[in-house]
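These protein sequences, in sequence, are chains A and B.
Every letter in the first sequence is one number past the one before it in numbering that gives the first Met the number 0, and letter 406, counting from 1, is 405.
Every letter in the second sequence is one number past the one before it in numbering that gives the first Met the number 0, and letter 9, counting from 1, is 8.
Source of the hints: derived by calculation from the structure; they are not laboratory data.
Be aware that one or more of the hints could be misleading.
Cut-off 30 Å, straight-line C-alpha distance, at most; resulting in silico cross-link-like pairs (DSSO-like, lysine-lysine) [what the hints assert, rightly or not]: (1) B:Lys171 <-> A:Lys20; (2) A:Lys128 <-> B:Lys143; (3) A:Lys371 <-> A:Lys340; (4) A:Lys176 <-> B:Lys171; (5) B:Lys5 <-> A:Lys135.
Residues from chain B shown here face chain A by an in silico Cβ test under 10 Å; the list is partial [to be verified]: (6) Phe13; (7) Glu27; (8) Asp68; (9) Arg173; (10) Cys177; (11) Ala201.
All figures in this text were calculated on a predicted structure; none of them were measured in a lab.
Beta carbons are placed, not taken as given, at the ideal position from N, Cα and C, and that holds for glycine.
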Amino acid sequence: MTERTIGIDYIARVEGEGALKVRIQNNHVEDVQLKIFEPPRFFEAFLRGRSYLEAPDITARICGICPVAYQMSSVHAMERALGMKVGGQIRELRRLLYCGEWIESHPLHIFLLHAPDFLGYPDAIHMAKDYPDAVKLGLALKKVGNSLMTLLGGREIHPINVRVGGFYRAPTVNELKAFRPQLVEAMKLAETTVHFTADLDFPNIEEDYEFVSLRHEREYPLCDGDLVSSKGIKVPQDRWDDVFEEVQAPYANALQSVRKGGGTSYLVGPLARYALNRDHLSPRADQLAREVGLENVVRNPYRSVVVRAVETVYAIEEALRIIDQYERPDPSWVEPPPVTKSVTGGAVSEAPRGILYHRYRIGPGGLIEDAKIVAPTSQNQKRIEDDVRHLVERSLALDDPALTNACERAIRNHDPCISCATHFLKLDIERR
Amino acid sequence: MTEARKPRLGVFKFASCDGCQLSILDCEDELLAITGAVDIGDFREASSAVLEGPYDLSLVEGSVTTAHDAQRIKEIRAQSKALVTIGACATAGGIQALKNFGNVDEYRRVVYARPEYIESLATSTAIADHVPVDFELRGCPISKVQLLEALSAFLQGRAPNLPNESVCIECKRRGTVCVLVAHGTPCLGPVTQAGCGAICPAFNRGCYGCFGPQGTPNTASLTAELKTLGMAPPAVQRLFRTFNANAPAFKAASEAAVAEAKAP
Chain A
0 MTERTIGIDY
10 IARVEGEGAL
20 KVRIQNNHVE
30 DVQLKIFEPP
40 RFFEAFLRGR
50 SYLEAPDITA
60 RICGICPVAY
70 QMSSVHAMER
80 ALGMKVGGQI
90 RELRRLLYCG
100 EWIESHPLHI
110 FLLHAPDFLG
120 YPDAIHMAKD
130 YPDAVKLGLA
140 LKKVGNSLMT
150 LLGGREIHPI
160 NVRVGGFYRA
170 PTVNELKAFR
180 PQLVEAMKLA
190 ETTVHFTADL
200 DFPNIEEDYE
210 FVSLRHEREY
220 PLCDGDLVSS
230 KGIKVPQDRW
240 DDVFEEVQAP
250 YANALQSVRK
260 GGGTSYLVGP
270 LARYALNRDH
280 LSPRADQLAR
290 EVGLENVVRN
300 PYRSVVVRAV
310 ETVYAIEEAL
320 RIIDQYERPD
330 PSWVEPPPVT
340 KSVTGGAVSE
350 APRGILYHRY
360 RIGPGGLIED
370 AKIVAPTSQN
380 QKRIEDDVRH
390 LVERSLALDD
400 PALTNACERA
410 IRNHDPCISC
420 ATHFLKLDIE
430 RR
Chain B
0 MTEARKPRLG
10 VFKFASCDGC
20 QLSILDCEDE
30 LLAITGAVDI
40 GDFREASSAV
50 LEGPYDLSLV
60 EGSVTTAHDA
70 QRIKEIRAQS
80 KALVTIGACA
90 TAGGIQALKN
100 FGNVDEYRRV
110 VYARPEYIES
120 LATSTAIADH
130 VPVDFELRGC
140 PISKVQLLEA
150 LSAFLQGRAP
160 NLPNESVCIE
170 CKRRGTVCVL
180 VAHGTPCLGP
190 VTQAGCGAIC
200 PAFNRGCYGC
210 FGPQGTPNTA
220 SLTAELKTLG
230 MAPPAVQRLF
240 RTFNANAPAF
250 KAASEAAVAE
260 AKAP
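Please work from the sequences and hints to get the whole structure.
Pasting the structure below:
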């Protein structure tokens, strides 16, 4: 009997700290564990006793890569709990801010974290020696996303302008109009990006994913819509707990989200959003997807890089649409009603790497009594393990260094953000 | 003759959100110049290539929350000629230092189904509580401008030229009307170190102190003013207890805010 162990002690080019352990016995994959050694930070515990108005600023600090997602899921959950209706231009500004995060985060992953895998470099810095134009393009594109977040939010990491009910300050029409040329320029860069990604070499692999995302009746989803899946889920977004649950795997390395009942994995993120909302892409994004031959449902995880590029085009097009119809809302926020009894609200929004669920119970007087936060990466974790298991089963002939490298690539396909660590456990990780 | 060796840079992560090290990648216009001036020895968020220490400069993000990390920072210090902490987690313990005021065993039970698997110290502490630190960059997150100044200073062998005045000075310079005086909006600007550019008051909200206490903060005077504005003592305490809750001046102010209320 032969036993073989593949260990990656520190997965590089992901946000946060993770490790992978694969155990192979007699050419059979016995076990795959994506381990998280990000130290626990206990957000759900210390949110109790804080004012519900503080949740957007505090939960943003769960993740420096997608703070807008945390701010959006938290304000929508609070507004749902309080029965508030926030629409019109405030809703449009929220979408615009979220577009900024997508325009920053997707190119970050495409060019700085993911492309080096396809082109054979340890990082974008080495890649820049041979592909200077691609890296500079990626940086220029991501800078536009950051600039948009800074314009609306005050700064790109942990923006300061989001509050329950709206914004502390709404930008003027002229401020947004002045940003238009940057977006027009970014559109050219994003179009080039779609072609750049589509021309990469992809392993010929398809996975049978259950895709999960939001779906809205008329728009590509960011904050609104129902929670849907490719295998039949359709519930209001605040009913996440009805269809999913967090469980502890037998080897207890982390809390993972699974389908309630069956315990199966599911996939969130660009592949899922695209598969379930292909019909709501904007005209230019739709056209580019066709131009590069992107099928309506993409099951090859490596090709998520192309979908991210198409979604970047979408975000730029959507940002332009919002700016062109913008009228400054006055006031810039809806005043929340006093909290007189215990109320509960949940909300899902589409972080660049997939759905982020928040649920809060607020007590009379407005202090948080209970908080639940389910990050995209904890929802994808079991699915990433499934991808790695299938990869190893296909690739047993590879030697250990090659197999290790292939496993890291399989993980990075899903842009995991391990810093979103509220639910992750630490177990006996060896650092060698 | 061999080419002069470039300074070797390490970027290390402890308990944090990754935002401060992302600030390096967010220097879009300067990133390739930075990587031209230094060898990236260890920067796992950006690269799978690792060069052995020692490092001429180590940037450390995040706070110490586990026994393993308390040991790891000692090893990093031993491998680093200069060590600069980046951000509120590394310089003050970060938002996760709120557990210092709670019960970590109870926290484990609240968040995790199997609390026995969670290894966590009772406190979240600054890097300087564990090893000597050569320079601290404030902020949640840090300012890119300040990061570039610190990197340039290090490469030129000089001390970084960064202010330790209050956010009020930045508001004056920016021409922002005082939200505290003119609108009665609670604001930590008078006791918070400058560096962000006084963003919050420019967006019609009060400063929430993410750069931590300035050199000589008069927190007692500000606390009295906040209470005059009608803030209840627990609300004042929460205002001081966010991203720099464990910074000594803010910690003391947060405790004083409710202690005074209890006094006759």
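**Message:** For a C-alpha distance cap of 30 Å, please report whether B:Lys5 and A:Lys135 respect it.
**Reply:** holds (23 Å)
**Message:** Can you confirm whether the C-alpha distance between B:Lys171 and A:Lys20 stays at or below 30 Å?
**Reply:** It is violated: about 55 Å lies between the C-alpha atoms, which goes past 30 Å.
**Message:** Holds or violated: the hint that B:Cys177 contacts chain A, with Cβ atoms closer than 10 Å.
**Reply:** violated (16 Å)
**Request:** Starting from A:Lys371, check that the Cα of A:Lys340 is at most 30 Å away, please.
**Result:** holds (19 Å)
**Asked** Taking the least C-beta to C-beta distance, is B:Phe13 closer than 10 Å to chain A?
**Response** holds (7 Å)
**Supplied contact hint for B:Asp68, tested at 10 Å Cβ to chain A** = The hint holds - B:Asp68 has a Cβ within 10 Å of chain A, the shortest such distance being about 7 Å.
**Item:** Hint status (Cβ of B:Glu27 to nearest Cβ of chain A, threshold 10 Å)
**Value:** It holds, given that the least Cβ distance between B:Glu27 and chain A is near 4 Å, below 10 Å.
**Message:** Would the hint linking A:Lys176 and B:Lys171 be met if the CA-CA limit is 30 Å?
**Reply:** At roughly 28 Å apart (the allowed maximum being 30 Å), B:Lys171 and A:Lys176 satisfy the hint.
**Item:** Pairwise hint evaluation, B:Lys143 against A:Lys128, where the allowed Cα distance is 30 Å at most
**Value:** holds (25 Å)
**Request:** Return the status of the interface hint for B:Arg173: holds when the least beta-carbon distance to chain A is below 10 Å, violated otherwise.
**Result:** Because about 12 Å separates B:Arg173 from the closest Cβ in chain A, which is outside the 10 Å limit, the hint is violated.
**Asked** Hey, does the B:Ala201 contact hint survive, CB to chain A under 10 Å?
**Response** holds (7 Å)
Of the hints listed earlier, those the structure fails to meet are numbers 1, 9 and 10, in rising order.
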